[in-house]
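Make a model of the complete structure from these sequences and hints.
Position 268 of the sequence shown, counting from 1, maps to 267 under numbering that gives the first Met the number 0, and the rest follow consecutively.
Calculated directly from the structure, the hints in this document are not laboratory data. Mixed in with the good hints, there may be bad ones.
[Claimed, not checked] The following label-pair restraints were derived from C-beta to C-beta distances:
no.: 1; residue 1: G742; residue 2: E330; range: 56 to 66 Å
no.: 2; residue 1: Q666; residue 2: R520; range: 36 to 46 Å
no.: 3; residue 1: R328; residue 2: P662; range: 57 to 67 Å
no.: 4; residue 1: R328; residue 2: A118; range: 25 to 35 Å
no.: 5; residue 1: S597; residue 2: R319; range: 31 to 41 Å
Every value quoted in this text rests on a predicted model; they were computed, and no experiment measured them. Every residue gets a Cβ at the ideal spot worked out from N, C-alpha and C, and that includes glycine.
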Amino acid sequence: MRERYSGTWRRLAAAGACVAAMGMAGALAAPSAPAGVEVRRTTDGIPHVLARDWRGLGYGYGYVQAQDALCTLAEAFVTFEGRRSAFFGAEARPAASSTFGRPTNIELDFFFRAHADAAMVDATRARQPAALNDMIAGYADGYNRHLREARAAAGSASGGAVPACLGQPWVREIGAADVYRRMYAAAIAGGYARFIAEIANARPGAAGKAPPASQGGLAALLAPRVGGEPGLGSNVIALGKQASGGDGAVLFGNPHWYWGGPDRFYQAQLTIPGKINVAGVSFLGIPVIMLGFNEHVAWSHTVSDARRFGLFELALTPGRPTSYRYDGRDEAMGERDIAIEVRGADGVLREQRRTLYTSRFGPLIDLGPRNAAFGWSERRALAIRDVNADNFRIFRNFFHWAGARSLDDFIAIQKREAAMPWINTVAIGRDDGRVWFSDIGNVPNVPDTLRADCTTELGQGFAQLDAAVPFLDGSRAACGWRVDPRAVQGGAMAVADMPGLLRDDYVANMNDSYWLSNPARPLEGYPRTMGGERLALSPRGRYGHLLAQSLLAAGSRSGLALSLRVRDATLDPRSYAAEQFKDGLLDGACVVEPGQPSREDLLAGCAVLRGWNNRADADARGVLLWGAFWRRLDGIPEAELYRKPFDAAAPLATPAGVDGTRPGVRQALVMAVQDLRAKGWQAAAPLGGTQFVRAGGDKVGVYGGCSAAGYFTIACSHGKDGSLDGLAEGNSYLQVVRFGADGVRAHTMLAHGEQEGALAGGAGAEPLLRYARKDWLAFPFSERDIAADPQLRRQVLLP
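Rendered as structure tokens:
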């Protein structure tokens, strides 16, 4: 290993003379300064950070993320610090969606000031390995290095492109605390972050006084597992030795994630010779790889169906709205007086204060604006507990995975930490024909017996909206989450009680529950909090399993051949829902009777859909209408739409048969045509004319459709013009990984690219164009492949 990198370190040593010219002499004199850092950029601008120590590795990673996404990161750090209102005003909202949605700035500020505070930062730091803390400190230093360089370049006559935000007062240097706060925001994405407005606005006596919510009712709020879109999630399929002819395993990972904002993925390789060599992606602002591969293992994630939070109904003390009964005695709520600065319309900063309330279970939450029955009334209130608010193991788990030496080692790390916050995991290993699925992580320990014994009348009503979220009686000590001595964290489930599956044929997950990770071996007998069993799969989920089974049955002769098949099949933008149900719907709905209302629209819609090939290619005509049609069909009860209901004994074949003669079906098609007309779109328009990215001065059509319309390959924008710079959900980072005799072989794509301005027509469009033409990149992982990359550029950062 030392000889392999020796030339690089000689170059780093020779570059020491440049230190004074770069103004870094003082930094190098500091005892904690990194020893040596080099960044190699390869095709599509992917950075490969090579360092001598952990602080240097973080330094390089912070530097390159700032190079590509300074404005996005700077705004995010202000958000997690709770200072948005001071710069952007109280009632404005973030422009980009993220795992915390788009609450108002004042709601975000009060929430993060209360929860991402100094105590949280200290607790997080104290529970990380020293090496990871070094990476975090180095990340902040590297970010600051680039910020200083950008400012210096902007002030010189020879300066290059200047980030649009560079002169804004909210762009500042950061410290390690900013990174820990960012880590916290990622940790709570499946819990508190979904309810920031409802926590920040909770106050006594608010029930009935809040205006109706503008974004839908409580069911709409609960529908997504993370973020604000039900379709957010991923596809993942791992095929074992039965599919590869005995030649190891192949992993396909495909998160459907944000294309912009603070939670978008960033791709990189991080290397310290002899210690770590890992590639993949992380969220912006996170200094470790979260999804990817090293020389021995590869892994991916999907959003888990398990619930990571629970609600407690508090019986309030009569006449005292901030006190509640607990085991026969009164208990006062905790109160935190939070102060923030708000910039008024006149530009003047003024202090605003608010009291946030908490209970022994967690913060108070007011769901009244969504549904009055669940508001803070004179008699009762609700508290929320997020199992990940005290989960400080998440990123040290990712840190240790980066160094895993085998699939068994990877699994052992996962079981030891039990840290995954709101995601499933699928993994493969080198020289190993097995494939691994698990929903082993951090889940509330609420057995079904506890749920039954401790529900309330209000909880029974809540179960009609979400039957998996634990809703318990907060007036009895016996109704708290169970503490299991086997568990890593108090109130969380023990690893032995969570689902995991090792196979040598395949495992897969498309955001349905763990139940059918492989239909030949259903996982059953787990508590309802894990997500549920014997429930209908989504059309995307059904298609994903059928795809995996077809690849298994094809009988590839090698891992290489299987990898090629996977790459082709997973980018075929078929709508499984259309393949199964379109003809039946049209056979019934397109029988036009004399005097039929909107006859012309119905005939036009029928003609367009009959001529469509059920694929969302960029040049396909009919995709737009199918999406609008299927969204309308979602409002028809399944019992009325399908002739054969879901059968748990035939989960990949039911529900089946549609009754297109239903009046609601015909009406849905007519209204779909009218929906498109209202947007100024023609029903027969090619998809790429309205679903596109701006690459430089050109509009480039992009294939794929919305998950709700039955697609496996996802691109879904709810914007008015359809452009994907405001993408709601879509393929983001894609990887197909196998292990050969010469090590890891990965093909990847980062659909939105590394640079924050690429989607708006700025620099860095090459990855967007690669994705649009379905051109997988052979990832240059080894030093030999990096050196041979035709677009290789080197930058020595230190010394």
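Q: Taking the numbered hints from earlier one at a time, note which ones the structure violates and give those numbers from smallest to largest.
A: 5
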